[in-house]
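Asker: Chain B: place on chain A using the hints.
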Amino acid sequence: GIQVEQSPPDLILQEGANSTLRCNFSDSVNNLQWFHQNPWGQLINLFYIPSGTKQNGRLSATTVATERYSLLYISSSQTTDSGVYFCAVERTGRQAGTALIFGKGTTLSVSS
Amino acid sequence: KAGVTQTPRYLIKTRGQQVTLSCSPISGHRSVSWYQQTPGQGLQFLFEYFSETQRNKGNFPGRFSGRQFSNSRSEMNVSTLELGDSALYLCASRWDAYEQYFGPGTRLTVT
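Same order as they appear, the protein sequences are chains A and B.
Start counting the first sequence at 1; every next residue gets the next number (my numbering).
Start counting the second sequence at 1001; every next residue gets the next number (my numbering).
One chain only, chain B, in its complex shape:
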């Protein structure tokens, strides 16, 4: 089976812009979660989608949003980018309640 894929891998945006990141889960996995990794805060949970519904949400401002499509692919959007949003964004998928598998990440730089 193909692993979790994320696009794009690298992205440079300007403050105030918005960005959309995409994640395709492992075939058959219906749960997709997003995480943000920064040097200061480490790895933090953003949100989780299951069958097109947001099932869990971390402690991030409303500028961070996401959605899931019927084929389980997921997108996350960050509006009004701030310098502090520069991070590695990781997507993970899982089947049922077992282990999560991570994609290669999207490295976002906000200038």
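Next comes chain A alone, as it looks inside the complex:
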């Protein structure tokens, strides 16, 4: 099956720093989402980005589908950005049904 690898596994930043999280996937995808898991466990949608670039405030994401990777940029990080960031993909060509395949996540810790 499709493999999703996220790097780095852990990231420690000072407030105000910028960071880049990477997601590599092993096959063509027709859906790629970035999530932030809050301390209570809920997955918060950040981006739906099977290709191209999107921005939302201090966060932006780029997916280069032909090269099978996606990047999540966090600028001017705040302590509230702490948590686990997941990349999840859905493989191209499924006739029916949906199954997001998740990476293992990047744990971000932002200190003041």
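By construction, these hints were calculated from the structure, which means they are not laboratory data.
Hints may be right or wrong, so weigh each one.
To be verified - Under the rule of at most 25 Å between Cα atoms (straight-line distance), these lysine-lysine pairs were calculated in the DSS-like manner:
id, chain 1, residue 1, chain 2, residue 2
1, B, Lys1001, A, Lys54
2, B, Lys1057, A, Lys104
3, A, Lys104, A, Lys54
Treat the numbers as computed from the prediction; the structure is a model and nothing was measured.
Answerer: Chain B alone, transformed into the frame defined by chain A:
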């Protein structure tokens, strides 16, 4: 629109018992998927329902089952609970083939 809701939020069960978890999707979403999250295995897909039919299933034993009702609400059931079933169970809904939206999860502890 209200988000995806899940009940109960927390649950403690004993080995051998069974449990039923409930999920109400976002209004208008007909697809509901279930995922299990554990520290060892991460986030894994359980199954997906669309218009009351199971459309996709992950690699879990038959003790894990689900169903969807005509109003798109979904339940999942785990029979003969094992200690390893302790996990966060997340439900997600989507409209058509676009992004999935997750509920807050049910944290199940099996003792």
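Asker: Please go over all the hints and tell whether each is borne out by the structure.
Answerer: Hints, verified against the model:
no.: 1; hint: Lys1001/B to Lys54/A; result: holds, 23 Å
no.: 2; hint: Lys1057/B to Lys104/A; result: holds, 21 Å
no.: 3; hint: Lys104/A to Lys54/A; result: holds, 23 Å
Violated hints are absent here; each numbered hint is respected by the structure.
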